[in-house]
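Undergrad: So the sequences go chain by chain: A and W.
Just so you know, we're using the numbering used here here: the first sequence kicks off at 61 and counts up by one.
Just so you know, we're using the numbering used here here: the second sequence kicks off at 560 and counts up by one.
Hints in this document: simulated from the structure, not taken from any laboratory.
Honestly, I wouldn't trust all of these hints.
[What the hints assert, rightly or not] Incomplete in silico selection of chain A near chain W, CB under 10 Å:
#, residue
1, ALA62
2, GLN66
3, PHE94
4, PHE151
5, ILE153
6, PHE170
7, GLY171
[To be verified] Here are some chain A residues the structure puts well away from chain W; computed CB gaps all over 10 Å:
#, residue
8, LEU86
9, ASP87
10, ARG97
11, VAL122
12, ASN130
13, THR142
14, GLU147
15, PRO159
Quick caveat, the model's predicted, so the values are computed rather than measured.
Each residue gets a CB set at the ideal place from its N, CA and C atoms; glycine is no exception.
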Amino acid sequence: GAVVSQHPSWVICKSGTSVKIECRSLDFQATTMFWYRQFPKQSLMLMATSNEGSKATYEQGVEKDKFLINHASLTLSTLTVTSAHPEDSSFYICSASGPGSDSGPDTQYFGPGTRLTVL
Amino acid sequence: GNSVTQMEGPVTLSEEAFLTINCTYTATGYPSLFWYVQYPGEGLQLLLKATKADDKGSNKGFEATYRKETTSFHLEKGSVQVSDSAVYFCALRPLSGYSTLTFGKGTMLLVSP
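All chains, full assembly: derive it from the sequences and hints.
TA: Here it is, written out as structure tokens:
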């Protein structure tokens with residue numbers, strides 16, 4: 061298998077608070093994890109790429125101090141949205157790739173997404 | 560740079576109709592090509608993939624053939640079902656090293672009974 065889970069599936073928070081989203085690979089070792097943001101009816105925008113044990117690589121225009129990514133183990137990555145504001149409301153999706161997944165280490169498997177609403 | 564272009568949707572079909580969603584790409588070398596499907600409120604699921612020219616990926620009745628001469632990877636299904644209603648994303652991954660995917664904008668498919 062190649063199952064990726066995310067938690068929570070949805071979260072509502074007040075402006076100024078921080079929110080942590082977890083991404084887990086359940087049955088394979090995720091040497092690389094990706095975080096995407098998706099706006100309504102639009103494609104996925106890659107935010108950052110993280111390799112286990114290393115600092116994340118952020119895409120141009122993504123604030124690394126606002127979107128903190130930690131990939132401390134081969135099965136878990138977290139995205140923390142710090143001091144969230146209404147414009148951070150979005151659908152956040154993680155994906156993972158690594159050895160032991162069905163279609164090989166280069167295929168990305170996606171989590172179900174987390175809908176964040178900042179009031 | 561790399562890019563993926565998909566036909567704009569929504570594509571509206573009746574059940575059992577034939578489906579084609581066009582996808583063309585721009586990339587150097589021989590990228591791997593993917594189709595992902597996203598059902599409402601969910602993340603993306605890998606539908607099929609092809610890693611070299613003339614490969615055909617297939618799954619759940621869907622097929623796509625990697626055509627290097629036309630830089631295309633069109634998605635087809637002979638007879639769609641209402642349950643196929645979703646957004647379909649074409650994507651490529653460059654040959655060299657990294658797993659980063661480049662996505663098209665997605666095509667919504669609506670199938671009516």
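Undergrad: Work down the list of hints and note, for each, if the structure agrees.
TA: Consistency of the hints with the structure:
no., hint, verdict
1, ALA62, "holds (8 Å)"
2, GLN66, "holds (7 Å)"
3, PHE94, "holds (8 Å)"
4, PHE151, "holds (9 Å)"
5, ILE153, "holds (5 Å)"
6, PHE170, "holds (4 Å)"
7, GLY171, "holds (5 Å)"
8, LEU86, "holds (14 Å)"
9, ASP87, "holds (15 Å)"
10, ARG97, "holds (12 Å)"
11, VAL122, "holds (14 Å)"
12, ASN130, "holds (19 Å)"
13, THR142, "holds (23 Å)"
14, GLU147, "holds (21 Å)"
15, PRO159, "holds (12 Å)"
Consistency note: the structure conflicts with none of the earlier hints.
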